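Each residue of the sequence shown is one higher than the one before, starting from 7 at the first, in my numbering.
For the record, the hints were derived by calculation from the structure and aren't laboratory data. A hint or two may mislead.
Quick list of simulated restraints, FRET-style, between CB atoms [unchecked claim]:
| no. | residue 1 | residue 2 | range |
| --- | --- | --- | --- |
| 1 | A120 | L236 | 27 to 37 Å |
| 2 | A120 | R186 | 31 to 41 Å |
| 3 | L87 | D143 | 28 to 38 Å |
| 4 | Y233 | E131 | 40 to 50 Å |
| 5 | S135 | Y242 | 19 to 29 Å |
For lysine to any residue, the following SDA-like pairs were computed, each having C-alpha atoms within a straight-line distance of at most 20 Å [stated by the list, open to error]:
| no. | residue 1 | residue 2 |
| --- | --- | --- |
| 6 | K200 | T127 |
| 7 | K200 | N144 |
| 8 | K200 | N169 |
| 9 | K228 | H115 |
| 10 | K228 | E155 |
| 11 | K200 | H115 |
| 12 | K228 | N144 |
| 13 | K200 | S135 |
These figures come from a predicted structure and were not determined experimentally. Just so you know, even glycine gets a beta-carbon here, dropped at the ideal spot from N, CA and C.
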Amino acid sequence: MATDLDGVAQCRFGVRCGRMDSRRRTALSGVVVASMAERPGTVAAAASYPPGVLVEECARLMHAFHGEPARAPWWLKHKILILTGMALILAASTVIIVTCIILSPAHIHFSITAANSTNSTMDGENGLSFNFTLAVDNPSRRAGVDYREVIVSLQLPSKRLKNNSVPATVNGSMPLYQPRHSHISMAVAAFVEKDLLDLYLKKFYRGHPTLTIMVTALVRFKVGVAYSRLYDITVYCPPFVFFDVFQDGNFSYHFAKGNANCSA
7 MATDLDGVAQ CRFGVRCGRM DSRRRTALSG VVVASMAERP GTVAAAASYP PGVLVEECAR
67 LMHAFHGEPA RAPWWLKHKI LILTGMALIL AASTVIIVTC IILSPAHIHF SITAANSTNS
127 TMDGENGLSF NFTLAVDNPS RRAGVDYREV IVSLQLPSKR LKNNSVPATV NGSMPLYQPR
187 HSHISMAVAA FVEKDLLDLY LKKFYRGHPT LTIMVTALVR FKVGVAYSRL YDITVYCPPF
247 VFFDVFQDGN FSYHFAKGNA NCSA
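Just need the whole structure built from these sequences, with the hints factored in.
In C-alpha cells form, the structure reads like this:
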C-alpha cells in the first residue's frame, strides 16, 4: 500500500489520490474522513491524518465499489485516442510509400525472333502463314512478372483498308509467370489471306510493303508474396518487309526473315 500521495489512484467519488497539493489534500480529507469516521477508533479531524493514511483509505474506497479499478480522466483518454490515430495514419502512410517503391513496374523487353512465312490454306482460303517467336526479357533482380493475357496482331499500315489488323495466336497457357532476372519465349502464328494482301499491295500501297507487329500484355509484378496492380503494356515492333515471288506461274508473298526489338 502507498505511504505518500505520490501514488496513482482515483476514488469512486471522482477525487484524484495522485499527485496533489495541500488544498486538494484538504478537500480529499472530507471524503476520506467521512468513511473512516464510521469505523471505531478513528479521529474525525481530517487534518490529523498523515498523507499515507489518506492514500490508504482512498485506495480502500476505490476497491470497495464493485471491485472496479480506477478510471483514467477523460482528457487522458482523448489524448490516447489522438496519439493512437496519428500512429496508425503514420504506419499506413509508411506501408503505402514502401509498397509503391517496391512494386513499381520492372522494365521488361519484348523482341521478335525467328520470323518466317509459308504459303498455306486455312478454311479453304489461300494465304500466308506468318510465324515467329515473341521473346521477353525481365532483367529485374527483385520483381517477377505474372502475365494474365498476351495479345498479338499484325498491322497493315493503311488506314484505307477496312480490316488492316490481323489477329495472331499465341501458343501457351495463361496466366504465365516469369521469374525475376529471366528470359521466356512464346510461339506466335498468324494467317493472312491472299485476297487481303492483293488488295493491300495493288491498291493501297506504293513502294516496299511492310507489316507491323503489335503486342499487348496484361501483367502484374510480384515482389516476394506481394502483387502490384494490373498494368496494360502495349509495344510495337519495327515493320517487317514482305515481297512477292513469281513461281510456277503464280505470285506468292514472303516475309523477310530476321529479328526486331519492340518498344512502347
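Hints and how they fare:
| no. | hint | verdict |
| --- | --- | --- |
| 1 | A120 <-> L236: 27 to 37 Å | holds (30 Å) |
| 2 | A120 <-> R186: 31 to 41 Å | violated (25 Å) |
| 3 | L87 <-> D143: 28 to 38 Å | violated (52 Å) |
| 4 | Y233 <-> E131: 40 to 50 Å | holds (43 Å) |
| 5 | S135 <-> Y242: 19 to 29 Å | holds (22 Å) |
| 6 | K200 <-> T127 | holds (10 Å) |
| 7 | K200 <-> N144 | violated (37 Å) |
| 8 | K200 <-> N169 | holds (13 Å) |
| 9 | K228 <-> H115 | holds (17 Å) |
| 10 | K228 <-> E155 | holds (16 Å) |
| 11 | K200 <-> H115 | violated (32 Å) |
| 12 | K228 <-> N144 | holds (12 Å) |
| 13 | K200 <-> S135 | holds (10 Å) |
Comparing the model with each numbered hint stated earlier shows that hints 2, 3, 7 and 11 do not hold.
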